[in-house]
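Q: This is what each chain is made of:
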Amino acid sequence: MWRAKIFVTLREGVLDPQGQAVRSGLMSQGFKAVSDVRIGKYMEVTVEATSIDEVSAMVRAMCERLLANPVMEDYHFILEEVQ
Amino acid sequence: MWRAKIFVTLREGVLDPQGQAVRSGLMSQGFKAVSDVRIGKYMEVTVEATSIDEVSAMVRAMCERLLANPVMEDYHFILEEVQ
Amino acid sequence: MKFGIVVFPGSNCDVDCYHAAKEVLGQPTEYVWHQEQDLSRFDCLVIPGGFSYGDYLRCGAIARFSPAMEAIARESERGKLVLGICNGFQILLESGLLPGAMLRNNHLQFRCEERHLRLENNRTPFTNLGEVGQVLRIPIAHAEGNYFIDENGLAELKRHNQIAFRYCDEQGRITPESNPNGSIENIAGITNRRGNILGMMPHPERAAEAILGCTDGKLVWVSILKWWGDIHA
Amino acid sequence: MHKLHLELQSLDSATAMGLKPQEYEKVIEIMGRVPNLVELGMFAVMWSEHCSYKHSRRALRQFPTTGARVLQGPGENAGVVDIGDDLALVFKIESHNHPSAIEPYQGAATGVGGIVRDVFAMGARPVALLNSLRFGELDSAHQRWLFSGVVAGIAGYGNCLGIPTVGGEVYFNQSYTGNCLVNAMCVGLIDHASLAKGKAAGVGNRVILIGASTGRDGIHGATFASEELSEQSAKKRPSVQVGDPFMEKLLLEACLELIKDKVIIGMQDLGAAGLTSSSSEMAARAGTGLELDVARVPRRESNMNPYEIMLSESQERMLLVVEPEKVSIVAERCAKWGLTATDVGQVTDDGLLRILDDGEVAAELSAAALASEGPVYSPVGAVPAWQESVRCLDYSTIKEPQDLSEVLVALLSTPNIASKEWVYRQYDHMVRGDTVILPGSDAAMLRIKGTQKGIAMSVDCNSRYVYLDPYTGGAIAVAEAARNVACSGAEPLAVTNCLNFGNPEKPEVFYQLNSAIQGMAAACNALNTPVTGGNVSLYNETKGQAIYPTPTVGMVGLIEDIEKRVTQGFKNEGDTVYLLGTTHDELGGSEYLKLRHGLEQGMPPQLNLQLEVHLQKLLVSAAKQGLLRSAHDCAEGGLAVTLSESAISGSKGVVIELINQGALRLDSLLFGESQSRVIVSVAPQDNAQFELLCGGHNVPCQTVGKVQGRSVVVRVDGQEVIAKTLGEIQKAWREAIPCLMSQ
Ligand SMILES: Nc1ncnc2c1ncn2[C@@H]1O[C@H](COP(=O)(O)OP(=O)(O)O)[C@@H](O)[C@H]1O
Ligand SMILES: [Mg+2]
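Residue numbers (the numbering used here), protein chains in the order written: chain A, 1 to 83; chain B, 1 to 83; chain C, 1 to 233; chain D, 1 to 743.
A few of these clues could be false.
Computed Cβ-Cβ distance ranges for the label pairs, DEER-style [what the hints assert, rightly or not]: (1) B:V14 to A:Q83: 19 to 29 Å; (2) C:A73 to B:E54: 27 to 37 Å; (3) D:D561 to B:E64: 54 to 64 Å; (4) D:D561 to C:K22: 17 to 27 Å; (5) C:E156 to B:E48: 35 to 45 Å; (6) D:D85 to B:E48: 52 to 62 Å.
Calculated Cβ distances over 12 Å to all of chain C for the following chain B residues [what the hints assert, rightly or not]: (7) F7; (8) Q18; (9) Q29; (10) F31; (11) A33; (12) D36; (13) E48; (14) A49; (15) D53; (16) E81; (17) V82.
Please keep in mind that the hints were generated in silico from the structure rather than gathered at the bench. Glycine included, every Cβ here is placed at the ideal spot set by N, Cα and C.
Let's have the full structure, built from the sequences with the hints guiding it.
A: In structure tokens:
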């Protein structure tokens, strides 16, 4: 069994209103040292597979088809074998 | 300059309807090997600080005060020094 | 009785609540900018629905830090009434004035529609004109109304009779089908222990005039006025 | 800032930007020299179809645009009509088709954002949103993804702004498979005195940019919207934008406060073609020039050059012109709402748009030439070769169905007719507390606090009719929108429209466009509802295949006494049910023909404008006299569907007795879509007076039955042909779309 930790982030240049709001929220809370905030999604997907190559191909396909919209999002992932 | 990569996830035992929806979306797209999906937030916060201890304390404070709601969420983070 | 309607950047049911307090109840009513620090002139503070700060991180997460929220915490300690509707309820949860938290609706969609509520506790300033078990028809409009609290918290709520409203069917039965968002035990509104703070997801201001199709929500507004009248009699 | 080589540009780069060779020549002629990159880019976006209407402008002139109530016709950010009491409605519809096809949530969301800015740019408080949507059939996962994304995007943006989304329409048809349509309409309310204009008047006045910072998003979005969707467009993907409804809400409140305080001389949103279009249009309207320094524009990304800044279509920005001494008031107001206000330049007297980059001239060109001297073409139209054959319908080959009850249930569960609750329950349609007729009736209605008045709104277009016969289809779109408004008891006042068509350079498409406009214009003239504005979305094609021609009509109306409003649901047991208008043997273009016989063929139903006018006058006056318990217009699915919808909405059954005696086919009688028909119910004590009124208005009126029981029963010549319980028809109608969407 594998766990894929998937990060979906907005592509560079795409507006991130959430990040902006959080940044100004942090600033007004006195965290003046913050210069930039970007917000994305974090997903943990557990999959059954026999090899890391198989998982890797599968997770890539999931991201391309469903989890990210390539028009505005990038993704990357880390794989871990779990019990 | 430091970059904090922050993960905010729903606490165990808290139902994750988004994760369930993504799971059934994946299933209906033919990804039958998927057994579980959990969805959380991923944030990248860039901060100015002199030591890793300072950043670490600062990021912890941000999470406690604003970035996560302890009633339903857990958080963890990774720190990286950047240019 | 004097009403203050708190306005955050992104509030949008402020106009509706103002209208309910001012025109429907006929009471002196003012808008309160979120940066105000002294709210002692009001008898009831209403935190209206909307999307304060865009609801961008979590609903209500940023609004809770405003000076007005600090003032509201002070006034509530002095026994003033606080009514949080929809986003107002979420802000009260985030600020810890009410227990629990709000999750995304279990079906993940925004829902705007009329719903039935069962009144669970009529010994509050907000419900004193109703009967326990009475069914009210009041609209909801939210994407994050899935109330969550852990087991101990829930037991506490019940022990102190803090559940004010539950979603139910037309006959007043609490059923899974009548739950519009997955909220734990169909909870639609709760009070603090003292009973002077009410948070509810449904919008009583949208059901306070016949022309809007329903007047059941008026019960909340008129109860507030009655309670105040009784203590000032 | 990254400096740009201001080299002069050749024809090659002009073509790359979408300009035609003769347009490049024209630029040179206007400028008296060869343009540099910034200048050429500005011409290219302003002379795109989206901004210049170069293929449609002549045809648009056929619309009537004036009338006693029109305070502002086409030419400003939105149209304005007077509703008395010193109040006016400001309204407009706009498309966001191409962005939605690529990123449905954000495409639709930013579409809402754009139209809302157009309305508050006029100084009006936006009070209602509507939308008109078209997708391919829902059996495809991709279409479901588009549909649910678009609906969520409209909801996400409109709900956050706190503007109720009170109405709209959704159709599914194969022709939209590669090219969905997303049209958003906004209606605002204003005191006459607050009307603002998009004018850069007063030499020496300052130009202030407020709202979001500028990024590289949507550069050449306007040209993108003017091209066919192709494999190529995939590469243009980063031009998709993310909407920030919270920023828009702040912008909206700040601008309305500034208007109230009379601080603003001119105001305009930055939409398609960004700073280029807003600055050149504002200057052109006032006959002035502008000098802007792009180095002062707050940017979201580093190293942006003047070309990018002038062409960026970043959302949630407004351009204001104010007197120098009022700049500080603007700054203060904006600060209160957490907005940045930046002084980016000034109004000049030379008619030029001078773009500086930190003081150095980066572009200098005539504002009027950019905004209003674009090329105008007169495309040729030709009736498509296939037109005659699709209009043919041999009735003898169409078998009449045995079980008409079953056809009714099937019709009620086709997505085009089924309940759209799945859509509108995602929209906050009640916020602001003025919605007195909620979605689910023919028109939506809002009260106007402080008066007895109400406003009614509807958007309509049956594009299958337009495809079969553009003239009739165009006229029907207007007539139906007005009829919906009249059914609520309100008087239809004026029209905004969005013309969604294919590539106008193809003669058959231009024929559709031009004929549809002629039909619409005829109906607008007859109904006395002038066109006050709109939008054109052309090149809606994929792989050379155009969508069904879709001229969406947005109608606004006024009711003087809101207590006299009428909804579609039956009210009381025993009320008399009337059919107003006449049913003909007209199955062409009907939903029934599509569903049961797989045909999208025939002549669409004919429209008798004279009768339509009489019918609508009758509805308004009967409502005024309090004679109508319900009124519902007969549209897709015909008489049987209309009766069922009134029954479902009112939770009351109905028993209908029709006399036919062989005059019409039963399927025409029950499911045909003859125009100018309305089902009304009237209290028994008012029957005589109502019938008299119909006679007085020359409207055919037949008593067809009674509100009664818990079923929909239809007898023809004494023979029961339909009998279904309310429960059965309601289930079919209500569960169809949720069921399709949960696959
Ligand atoms: N179909 C139409 N019918 C009438 N007027 C139209 C139509 N399409 C566009 N217009 C008018 O042309 C002008 C320019 O439209 P547009 O470029 O869409 O405005 P904006 O600059 O706000 O995007 C507007 O006043 C609009 O009302
Ligand atoms: Mg505009």
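Q: Does each hint hold? Answer for all of them.
A: Going through the hints against the structure:
1. The beta-carbon spacing between V14 (chain B) and Q83 (chain A), approximately 23 Å, falls within the hinted interval of 19 to 29 Å.
2. Hint check: A73 (chain C) to E54 (chain B), Cβ distance near 31 Å, so the stated range 27 to 37 Å holds.
3. About 58 Å separates the C-beta atoms of D561 (chain D) and E64 (chain B), a value consistent with the hinted range of 54 to 64 Å.
4. Distance hint for D561 (chain D) and K22 (chain C): a CB-CB separation of about 24 Å, consistent with the stated range 17 to 27 Å.
5. As the Cβ distance of E156 (chain C) to E48 (chain B) is approximately 43 Å, the hint placing it in 35 to 45 Å holds.
6. The given range of 52 to 62 Å is respected by D85 (chain D) and E48 (chain B), whose C-beta atoms sit roughly 57 Å from each other.
7. The beta carbon of F7 (chain B) sits about 14 Å from the closest Cβ of chain C, which is more than 12 Å, so the claim that it is off the interface holds.
8. Look at Q18 (chain B): its CB is around 6 Å from the nearest CB on chain C, not clear of 12 Å, so calling it non-interface is violated.
9. The Cβ of Q29 (chain B) sits about 17 Å from the closest Cβ of chain C, beyond the 12 Å cut-off, so the non-interface label holds.
10. With a cut of 12 Å on Cβ distances, F31 (chain B) stays outside the contact zone with chain C, its closest approach being about 19 Å.
11. With a cut of 12 Å on Cβ distances, A33 (chain B) stays outside the contact zone with chain C, its closest approach being about 24 Å.
12. With a least CB separation of 17 Å from chain C, D36 (chain B) remains clear of the 12 Å interface cut-off, as annotated.
13. Non-interface status of E48 (chain B) relative to chain C is upheld: no Cβ of that chain comes within 12 Å, the nearest being about 22 Å off.
14. Residue placement check: A49 (chain B) keeps its beta carbon more than 12 Å from all beta carbons of chain C (closest about 22 Å).
15. Distance to chain C confirms D53 (chain B) as a non-interface residue, since its nearest Cβ pair spans about 26 Å, more than 12 Å.
16. No beta-carbon of chain C comes within 12 Å of the beta-carbon of E81 (chain B); the shortest separation is about 26 Å.
17. The claim that V82 (chain B) is not at the interface with chain C holds, since no C-beta of that chain comes within 12 Å of its own (minimum 23 Å).
The earlier numbered hint that this structure contradicts is number 8, and it is the only one.
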